[in-house]
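Assemble the whole structure, with the sequences as input and the hints as a guide.
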Amino acid sequence: MKKIRYSRWRKLDNAAQAFPAATGKNDTRVFRFYCLLKEEVSGNILQKALDRTMEKYPLFRSVLRKGVFWFYMEMRDLPAMVKPETRPPCSKLYVPDQKQLLFEVTYHKNRINFEVFHGLTDGTGAMIFLKELVKNYLQLRYPGKGLPKLEEEQEATGSDQEEDSFSHYYSRKKIRDQSRPRGAYQLKGELREHQDMSVIEMLLSADEVHRKAKEYGVSVTVFLSAVFLCAIQEEIPASRQRKPVALMIPVNLRNYFPSRSMINFFSWIEAGYHFREGTRLKDVILYLKELFKKELVKENIDAKMSTLVRLERNPLLRAVPLEIKNLLLMAGTTLGGKSVTAVFSNMGQIRMPKEYGAYIERFGFFTSTGILQLCSCTYQDQLLLGFTSKLVSENIQRNFQRILEQEGVCCRVLENDFPGMSEKKPGSMITGMRIFTFLCAAAVILCWMMNFLATPGFLWGGYVTAGVFCMWLLVMVGYRKRRNLLKNGMWQLLIVSVGAFAWDHFTGYQGWSLDFVLPF
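Numbering (numbering that gives the first Met the number 0), first residue to last: 0 to 519.
Read the hints as simulated data drawn from the structure, not as lab findings. Check the hints yourself; a few may be wrong.
What the hints assert, rightly or not - Listed next, with one range per pair, are the computed distances between beta-carbon atoms: (1) R241 / D380: 34 to 44 Å; (2) K24 / Q185: 35 to 45 Å; (3) P236 / K213: 26 to 36 Å; (4) E360 / P320: 47 to 57 Å.
What the hints assert, rightly or not - Cut-off 27 Å, straight-line C-alpha distance, at most; resulting in silico cross-link-like pairs (DSSO-like, lysine-lysine): (5) K65 / K24; (6) K37 / K353; (7) K47 / K172; (8) K211 / K10; (9) K292 / K303; (10) K144 / K172; (11) K242 / K281; (12) K144 / K37; (13) K10 / K303; (14) K144 / K10; (15) K91 / K10; (16) K293 / K211; (17) K144 / K242; (18) K98 / K324.
No residue lacks a Cβ here, since even glycine has one placed at the ideal position from N, Cα and C.
Take a look at the structure:
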């Protein structure tokens, strides 16, 4: 295979700029594509297949680095190793200050998993990579079967694959983006802690769904979006139905602007509906039909894309240091989330040459989420829905299934088989931290009471308070960040030491900061 050349460093594309800043304890910004085979996966053969795939797509051998003003990708000669699946789905892949690959290939029984950080690629790039990986695996596993190349397989240069298509198609014309985000209903309820999320997969007949969508004269995406909106609306109390229920729906820009880029090249539309008493599914479908027809026009998509690129190229914003940019990006992400209730991402039809059908059962797709997301993809006659949710309640998924069945679409809920999924009761660690916080507060109050009663002339309770606070802060930061606890502890020790010395200095230096606080 001809060696593909890439830039050693490249800036993040426009869509990826926000992902490093927005990645946190509640949403890892990682998504999973998987292929379920009809026979058990061999880890050794899968490793050889991955090595071959990396020769074609070395773009994925990148790590995320921090610059003074922007994040950037750096090519690193790090090995991509296949592992048995042990962690929960969509676990964190991007960890600040750690130079590690932004994807992971694992396997479990008959399943090949490909998980990737969204800052590296989008759904289209990830699916191309997984299809190449599956093709290589099956060709190595069955060398005498004459399995063909993929239909769309063609040589693409390194420049093609790492092209920033946002910049390539950026229009300097002042095209006004007419879309204005509106406040949408925000889902309420008990949440799962940190990265824990529920995963529910439903298997449908693609032909049945297509026929039902055709009855309404709409696409599958419009039909499923309407069902999703209605399923959410059923869980909203009547007193809170003042705001619309809105979905963010990603749009593959390659369908409008020719591109062979393997990095992010997508936009989105916001599809919302303001429910009234007596609203039917048909009403929502007809409304979304007109909305999609209006929004999915090249001129409107170009306007939104150019607006975002123009913002990125603003000279004043470019001069802002990265740490401040991160705060702005996090604030923008939070505000943007107020106009969305949930997310629905439809990858559409996944095509493989018919010869591979004898070895492949189905493909699947789901992603980490901040609150609730639905993903879908289709292989042959199997349309797979993947719900991921931070909510403990699973009523919306239940409503979705019931509405489909009322429409005559059979829906089978698949049994989860994810080895790393937590079996502990949701919220157990949150409860533990609340108890720990209460005990720390109680200890401080008790010490001050003893101080005033026993030795009112010497306020030793202040030292106890400072010590308990430092202990609480160390545990709380470790609980929330869960990474590099030693580094967190060292920073806290430095801050507390400097603060104590400053306090001692400005209150008439008595030397207690050196005697009791500084670690000498």
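Going through the hints against the structure:
no.	hint	in the structure
1	R241 / D380: 34 to 44 Å	holds (42 Å)
2	K24 / Q185: 35 to 45 Å	violated (19 Å)
3	P236 / K213: 26 to 36 Å	holds (35 Å)
4	E360 / P320: 47 to 57 Å	holds (50 Å)
5	K65 / K24	holds (20 Å)
6	K37 / K353	holds (15 Å)
7	K47 / K172	violated (48 Å)
8	K211 / K10	violated (44 Å)
9	K292 / K303	holds (16 Å)
10	K144 / K172	violated (54 Å)
11	K242 / K281	holds (20 Å)
12	K144 / K37	holds (16 Å)
13	K10 / K303	holds (21 Å)
14	K144 / K10	violated (42 Å)
15	K91 / K10	holds (22 Å)
16	K293 / K211	holds (23 Å)
17	K144 / K242	violated (57 Å)
18	K98 / K324	holds (22 Å)
Hints 2, 7, 8, 10, 14, 17 from the earlier list are contradicted by this structure; the remaining hints agree with it.
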